[in-house]
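All residue numbers for the sequence shown refer to this note's numbering, where the first residue is 84 and numbers rise by one.
Heads up, a few of these hints could be off.
Stated by the list, open to error - Simulated crosslink set (DMTMM-like; lysine to aspartate or glutamate; CA at most 25 Å straight-line):
no., residue 1, residue 2
1, K223, D141
2, K302, D257
3, K204, E227
4, K223, D209
5, K302, D243
6, K242, E278
7, K223, D257
8, K267, D294
9, K223, D115
10, K126, D141
11, K267, D243
Claimed, not checked - DEER-style ranges, computed between Cβ atoms:
no., residue 1, residue 2, range
12, E288, A122, 50 to 56 Å
13, N140, M216, 26 to 32 Å
14, E297, S114, 42 to 48 Å
Simulated from the structure, these hints should not be mistaken for lab results.
Beta carbons are placed, not taken as given, at the ideal position from N, Cα and C, and that holds for glycine.
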Amino acid sequence: MKAASVINLKELSSCHKCGHKDHNIICSVSSDVLSLLDAAKIKSTYKPHQTIFYQGNDPLGLYTVSEGLVKLESVSESGQAHTVRYVGAGHAIGYQSLFTNEKYNVSATTVENSIVCFIPKNVVMDIFNKFPMASFQIMKALSEDLKLADSKWTDQMDKDVPQRVAEAILYLQDHFAHQNWTRKEIAEWAGTTPESVIRTLAQFEKSGFIDQTEGRNIKILNRSGLMNK
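Kindly produce the complete structure, drawing on both the sequences and the hints.
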């Protein structure tokens with residue numbers, strides 16, 4: 084995995100003009116918060132497969148995705164990588180560790196060309212002290228993260244590999260249709276191996292559920308067939 088080699092620039096454009104501000108846990112609090120962020124934020128540009136922060140490092144602030152797509156990935160003690168989730172524009176990352184004052188339990192890596200804002204920890208904490216609504220927003224986000232994690236964990240415990248691969252294909256294409264996912268990325272999301280994904284996709288193609296003739300692109304031909312796996 085490549086380390087981040089980013090271009091850090093003090094952003095001249097205003098947070099008030101950001102098209103994603105209403106969907107962000109901190110930017111959506113108030114216009115006063117946006118003004119504070121304008122004065123403190125740093126925007127960084129990342130190429131695909133660059134790391135924003137590493138699992139095991141101490142959080143120094145809050146990151147928000149301005150453009151692009153970011154993968155949050157956890158690596159077990161055995162070295163097995165597991166994709167926790169994908170985060171698109173308008174969403175914050177790293178806030179769980181920031182507010183629990185713990186080391187990152189995941190790494191954040193860009194999937195495509197991305198722009199990410201960084202807000203230093205002292206600025207974030209000052210905002211949460213001055214604006215009670217920010218606390219409500221973070222609690223809501225943490226609750227949604229927990230719900231998603233519980234659902235994903237239960238699915239991987241209760242379902243076999245073909246079911247998990249089918250759900251991975253449907254989820255990734257429904258939420259990130261512009262991406263052509265590698266077999267490794269599908270495996271990390273489904274909690275299996277690339278070899279198992281390759282075999283499963285071949286079975287799906289033989290059954291007429293998908294088409295793989297266009298390289299990495301997987302075309303869904305029979306959605307109901309995949310959903311009923």
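Hints, verified against the model:
1. K223 - D141: At roughly 23 Å apart (the allowed maximum being 25 Å), D141 and K223 satisfy the hint.
2. K302 - D257: 12 Å, holds
3. K204 - E227: The hint holds at about 23 Å.
4. K223 - D209: Roughly 19 Å between the alpha carbons, so the hint for K223 and D209 holds.
5. K302 - D243: Measuring from Cα to Cα gives roughly 22 Å; hence the hint holds.
6. K242 - E278: 18 Å, holds
7. K223 - D257: 23 Å, holds
8. K267 - D294: 18 Å, holds
9. K223 - D115: Measuring from Cα to Cα gives roughly 21 Å; hence the hint holds.
10. K126 - D141: 20 Å, holds
11. K267 - D243: 18 Å, holds
12. E288 - A122: 50 to 56 Å: Between E288 and A122, where Cβ atoms are some 54 Å apart, the hint holds.
13. N140 - M216: 26 to 32 Å: 29 Å, holds
14. E297 - S114: 42 to 48 Å: 46 Å, holds
Comparing the model with each earlier hint shows no violations; every hint is respected.
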